[in-house]
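Asker: Protein chains in written order, with the numbering used here: chain H, 3 to 112; chain L, 9 to 101; chain Z, 685 to 1008; chain D, 2 to 118.
Among the clues, some could well be false.
[As the list claims (entries may be wrong)] Cross-link-like lysine-lysine pairs, in silico, BS3-like; alpha carbons within 30 Å at most:
id: 1; chain 1: D; residue 1: K33; chain 2: D; residue 2: K101
id: 2; chain 1: Z; residue 1: K812; chain 2: Z; residue 2: K791
id: 3; chain 1: Z; residue 1: K812; chain 2: Z; residue 2: K975
id: 4; chain 1: D; residue 1: K33; chain 2: Z; residue 2: K770
id: 5; chain 1: Z; residue 1: K770; chain 2: D; residue 2: K101
[Unchecked claim] FRET-style restraints, in silico, Cβ to Cβ:
id: 6; chain 1: D; residue 1: E114; chain 2: Z; residue 2: V805; range: 49 to 55 Å
id: 7; chain 1: L; residue 1: L91; chain 2: H; residue 2: W12; range: 47 to 53 Å
id: 8; chain 1: Z; residue 1: D818; chain 2: H; residue 2: S64; range: 21 to 27 Å
id: 9; chain 1: H; residue 1: G62; chain 2: Z; residue 2: Y786; range: 46 to 52 Å
id: 10; chain 1: Z; residue 1: P814; chain 2: H; residue 2: W12; range: 34 to 40 Å
id: 11; chain 1: Z; residue 1: V805; chain 2: L; residue 2: L30; range: 44 to 50 Å
id: 12; chain 1: Z; residue 1: P814; chain 2: H; residue 2: L65; range: 20 to 26 Å
id: 13; chain 1: Z; residue 1: I691; chain 2: H; residue 2: R98; range: 37 to 43 Å
id: 14; chain 1: D; residue 1: E111; chain 2: Z; residue 2: A779; range: 27 to 33 Å
id: 15; chain 1: H; residue 1: S64; chain 2: Z; residue 2: W808; range: 32 to 38 Å
id: 16; chain 1: H; residue 1: P33; chain 2: Z; residue 2: Y786; range: 46 to 52 Å
id: 17; chain 1: D; residue 1: L5; chain 2: Z; residue 2: D818; range: 34 to 40 Å
These are calculated hints, taken from the structure and not from any lab test. Where a beta carbon is used, it is the ideal one built from N, C-alpha and C, also for glycine.
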Amino acid sequence: MTTLLDILSWVLLTLGGLSVLVGGIGALRMPDLYTRMHAASVTDSMGAILILVGIMLQAGWSLATIKLLAVLLFLLLTSPTSSNALASAALLAGTRPSGEQHKINDEGEE
Amino acid sequence: MYYVVTIATLVTMGLALIRALLGPSVYDRVLAVNMFGTKTVLLLSVIAFLYGRPDFLDLALAYALINFIGVLAVLEFFRNRALRRSTERDEGL
Amino acid sequence: MIVIFGIFLLTLLVITAIAIVRTDNLFVAVMLMGIASLLIAGNFFLLDAADVALTEAAVGAGISTVLFLSALALTSERERARSSNKILSFTVVTAAAMILIYATFDKPRFGDPEAPAQTHVAPWYLEKTPEYIDIPNVVTAVLGSFRGYDTLGEVFVVLTAGIGVLFLLGSGAPLGSLPQEQVNEGLRHHLIPRVIGRVLIPFILLFGLYVQFHGEYGPGGGFQAGAIIAAGIILFALLEGEQRALSVLPARVLLGLMAFGPLLYGAVGIAGIVLGGNFLDYSVLSSDPVKGQQLGILLIEAGVGITVTGVLLGIFHAFAARGR
Amino acid sequence: MEILGLYNYWVFAVLLMTGFYAVIAKRNLVKKLIGLSLFQAAVFLLYITMGKVDGGTAPIFSGSDTTIFSNPLPQVLILTAIVVGISTTALGLGIIVRLKEEYGTIEEHEIQEIDER
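Construct the entire structure; sequences and hints are all you get.
Answerer: Have a look at this one:
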């Protein structure tokens, strides 16, 4: 039973690490803000779920599991919310998805 | 096993830092800070177990709760800036 | 392996620091400071300083960004002039860095248990804490009891800084160019952050209280809890507008909190004298000296938490009122 | 590995001097304050580094009594210093905001020019 759990958490942790890494590469390589945000936020949630559940399986039934559950819950609440807030701020400020050739600099001017 | 996750998280932190340095727009930098925050939560949780002291998960919990405030402050800052610019433009007319 | 993780994080930190100094956009510099704070907290955690990392998390993640951004909103976000005497400053700084690095070759190696810092009072603290105070967190024991004077001083410094900000910025600030009704509403039209924020605020406050009262048993204490609770209320102010936050916690209450914290701390110290001990000697507070120590630490941590909450919120409102 | 034992101190030196460079070379007051925060962070790092003991863990007892603990004293000093640091930074920002209101600028040399007039 423990070996089974170990293998399962192994798989989850590896997949989590992989998806975190993919998100990082996506955030670096994607062509414009919105695609970067997509890459970052989706893998953020995915990676967080996989990694934290993986650790939970290792921790077993203890206070640590409850805390990990709380961390996961709050991450799942806040991370997409910040992405949403950021995307709407960028859209209101006039950043357009690429294809439309708008460039925006640090002053928020085109 | 934890090492693999830690290394993946650290490399991603490096990538996010590169994004923060490259920009080009402020929103990219805010995005990078946000990413960095989530990665820190994951890193702290994993390292708490790597050290065998799971009682230190409080730290990850603190970041999971508080990181949000920074992004909202940025949002408020942008909103105020936009308002100020529009009033300045009105006064210019 | 963990040493290598530490080295990687420190390298990222150096890169971030250089980028902070090089950028001429102050907003970008503040964002990068946020990253630097996360990196420093991660490093503290790797270096076994869980309490310090929690403090850095509580302060660096929310409050410091909020304060810098409100100051930028009041001044300007662009650095106009070129640096003065670039070459001279660079030479001075490089020379000083070289001297500092040269001096490090005489320092004990990282983690050396025989280093002078490790062989004086620290073993005594670790050995005597279970005997005198009997709480698991040695950091809280040293902070609250063994070095209580120090902490009292720090609390007064925090109070003084708060008073200074209130003197400089006040609360009856002139109205700015923004129309009143637009400024006061906060982020009320952003529905999703608002709903999520409302869900989160009670948990942040609860977590703050947990950190406050769990400080004897795990990472935590008054300083961290004060910062976390202040962050929770600042979140409310961001979402619902600063005015509503002020109607929940009026400025007079905040002033009261600022003054009450150090008073509570000092009163515990004087109670020690009255009961026949020394200033800040908690052993006399109860018939059992160990129980007395625990009671004393609980009370002064509460004083610290109240002060920090009051001062940080007072500072936040002072800046926010200027922006009106 | 022996030489890596000094890496933390080198980072301290570089970080300290990066912050110091911002303080002496930049003319923007907010930038100077940011430099000062970096300087502060470097000092925090130095203290915490000196408190670390090999194979140690954070100085919080957890049942098993055979473990090595890192030095609690630097942690206490830095813990309070972080909160004091943010309060004093806020004080500095308050002064800068007042200067901006009086002089209309936060560039050091422009303020000096106005003063000399």
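Asker: Which earlier hints can't be squared with this structure?
Answerer: none
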